[in-house]
Amino acid sequence: MLKIENLHVAVGGKEILKGLDLEIEAGSVHAIMGPNGAGKSTLSYALAGRDSYEVTAGSVTYLGKDLLELDPHERAGEGLFLGFQYPVEIPGVSTMNFLRTSLNAVRRYRGLEDMDAVTFLRLVKEKAAALDMNPDMLKRAVNVGFSGGEKKRNEMVQMAVLEPTLAVLDETDSGLDIDALKVVADGINALRSPERAALLITHYQRLLDYVVPDFVHVLFDGKIVKSGGKELALELEEKGYAAVA
Amino acid sequence: MAVTAEARKKVQDATGEYKYGFYTDIESDFAPKGLNEDIVRFISAKKEEPVWLLDWRLKAYRGWLKMIEPTWAKLHYPPIDFQDAYYYAAPKKKDGPKSLDEVDPDLLETYKKLGIPLREQEVLAGVAGAPKYAVDAVFDSVSVATTFKKELKKAGVIFMAISEAVKEHPDLVKKYLGSVVPMRDNFYSALNAAVFSDGTFVYIPKGVRCPMELSTYFRINAENTGQFERTLVIANEGSYVSYLEGCTAPMRDENQLHAAVVELIALDDAEIKYSTVQNWYPGDKDGKGGIYNFVTKRGLCKGRNSKISWTQVETGSAITWKYPSCVLSGDGSIGEFYSVAITNNHQQADTGTKMIHIGKNTRSTIISKGISAGLGQNTYRGLVRVLAGAENVRNYTQCDSLLLGDRCGAHTVPYIEVKNPTAQIEHEATTSKISEDQLFYCLQRGLSEEEAVALIVNGFCKEVMQHLPMEFAVEAQKLLGISLEGSVG
Ligand SMILES: Nc1ncnc2c1ncn2[C@@H]1O[C@H](COP(=O)(O)OP(=O)(O)OP(=O)(O)O)[C@@H](O)[C@H]1O
Ligand SMILES: [Mg+2]
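Taken in sequence, the protein lines are chains A and B.
Everything in the first sequence is counted per the working numbering, starting at 9 for the first residue and increasing by one.
Everything in the second sequence is counted per the working numbering, starting at 244 for the first residue and increasing by one.
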């Protein structure tokens, strides 16, 4: 589904990713771990096509397409979803309106009609309930005044509504309380299917207790330095990155 | 004629933004070009006005001759040649509002294209919950149709063209015309008083809550023609009315002048909510053409605990010069001003409000949202004045500016004059840009750059938009997006 080869990415003229390779098959869940500043978020932004993240070398193929050729909103239309490490506030725009605008934009990209208001409302309520989000929050402006955990949960509601083909979740587990972690993990697991895949960026083993990954990778100084099964996460937690990298 | 129409259509398709830029080919009556006393007399005669009104116009005209154009606004445009325009244009055949059946089908078609329902039957037969609001349609210099008159009459509400009101309710018109905006208040109000051609008159009797939204739809059609309408709204004791005006004009290469005057009077415990969606032709990408919009709007909270609320969404015009104001003379009266002004390409806006606190315990709120894109220049200019006798006045002012790109400008010019120490005045101002974070977040959720900007801008304007009547809020939201087209990337 996704094939990254020799990816080099520079931010502000500084090279952050230095030849990264990664392949993700449909149906699988991959986890990426790595120290602060290793380039994990940089990878997620580069995949999503953020402007200031300059790909200086390498290639990314997604569902048979050259991902790097697509505009950011086209990548979203193709089913790529990024769960932000720091979700952004949009004052004055209700979460509900944001969700609807987003869903319909993606639907239009795929040649579908806008979802009618009644169906949409039902869908959102159902997804919010599954993720234990208070429906009142949907009326509030996107992420404005949300607590850290609420913001992360809001990312998951968006993911649930958009049903992405490839979800890249950047530290979605950070800042969640124990109950919330469980709920979010259920949300991720609910999307597991043979056609979909997920890339989880995390610092903690505990998320991986609930969402069991097929592969774990260590990102260190802009490269994948080690890959393994789910046991690698346990090993990392025990020994730290220095021992592994 | 067909060729020009086609050419126009092509231009329109090429630029894409301004969908109201078409021209209706209709035979019109014009006054001779230029302005002098004879033109003033011509207009008055066309309207079969009483002598007092002609005298009033002439007095205004003579006053105007001695006045000079204001130059204090942050607006740049070549000198206006006031002799190079027509001051009166009216569709032939129909020179006054008739029943709807008699209205020229070409005109009905025009309003249909503009999305303005003039046929009551269509509205009435429409789906349940379809917006029902009364419309006065002003086409160039005259009112061509007013809907729902009968139903309003039942409630005692007078809603008609001002030219008609002069004949049918002369006492009311005489009493209030020029009572809030004196004829020689300023250069443009004097010009308007001399040559105003039509506009709307509204009177809500004591204790009546107007049963529907009232609206006037202004359309400039004829070439080289100025539009000078005058609106007068009187809300008697304990009454309530919500009134909305919309404006469009064809796309033309030359600039056209629009100088309106609006006067509102609220008596004891009365409330007037006045909303404007101004979408005059803004000119093309290179700043060619567009309406020069010089408007004087003022409301008098004459009665105790009366309230006047202005909401404006200003997306059109090449030049906007307008300061809808409240004179809070009744004790406990309230003035509000909610404004969104967008300037894109070469548009310039200098807009804001004046809140004049005369009565005790008077309160005012000002929320202004300015959005600049392209080479647009946007100035908020506002005055809060508290007179010596006005005890316990409160004012809250918030001015936010949003910049799209780095070639546009936003300016805030607040004037605060307080002569009573008990006043509490708060002023907040911010200037921001759409952050790259917000934009990317939206793009990642599938929105195109233009959709993303429209969404973020609508969010930025929410505190103002939520004061628009429901029926128009959606339209206004779309308009914001359209007005900003081509401003990103
Ligand atoms: N605009 C920029 N200019 C220079 N360096 C930058 C810029 N943006 C990011 N960086 C640097 O790139 C490196 C990688 O950042 P990134 O956010 O990808 O790390 P991360 O692996 O996600 O870390 P964390 O675990 O803390 O989230 C960091 O050293 C960061 O300071
Ligand atoms: Mg990170």
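Just so you know, the hints here were simulated from the structure itself, not pulled from any lab data.
Among the hints, erroneous ones may be present.
Stated by the list, open to error - Okay, derived cross-link-like pairs now, BS3-like style, lysine-lysine, Cα gap no bigger than 30 Å in a straight line: (1) A:Lys159 - B:Lys676; (2) B:Lys705 - A:Lys159; (3) A:Lys26 - A:Lys190; (4) B:Lys531 - A:Lys147; (5) A:Lys247 - A:Lys147; (6) A:Lys159 - B:Lys721; (7) B:Lys276 - B:Lys397; (8) A:Lys147 - B:Lys317; (9) B:Lys603 - B:Lys317; (10) A:Lys22 - B:Lys410; (11) A:Lys133 - B:Lys317; (12) A:Lys147 - B:Lys676; (13) B:Lys705 - A:Lys133.
Just so we're clear, the structure is a prediction, and the values are computed from it rather than from any experiment.
Hints and how they fare:
1. A:Lys159 - B:Lys676: Distance of about 23 Å is within 30 Å: holds.
2. B:Lys705 - A:Lys159: Roughly 22 Å separates the two Cα atoms, so the pair holds.
3. A:Lys26 - A:Lys190: violated (35 Å)
4. B:Lys531 - A:Lys147: Answer violated: B:Lys531 to A:Lys147 is near 43 Å, above 30 Å.
5. A:Lys247 - A:Lys147: Violated, at about 45 Å.
6. A:Lys159 - B:Lys721: Cα-Cα ~28 Å, so holds.
7. B:Lys276 - B:Lys397: Given pair B:Lys276, B:Lys397 is violated - Cα atoms ~42 Å apart, limit 30 Å.
8. A:Lys147 - B:Lys317: violated (39 Å)
9. B:Lys603 - B:Lys317: violated (34 Å)
10. A:Lys22 - B:Lys410: At roughly 77 Å apart (the allowed maximum being 30 Å), B:Lys410 and A:Lys22 break the hint.
11. A:Lys133 - B:Lys317: violated (49 Å)
12. A:Lys147 - B:Lys676: At roughly 25 Å apart (the allowed maximum being 30 Å), B:Lys676 and A:Lys147 satisfy the hint.
13. B:Lys705 - A:Lys133: holds (24 Å)
Checked against the numbered hints given earlier, the structure breaks hints 3, 4, 5, 7, 8, 9, 10, 11 and satisfies all the rest.
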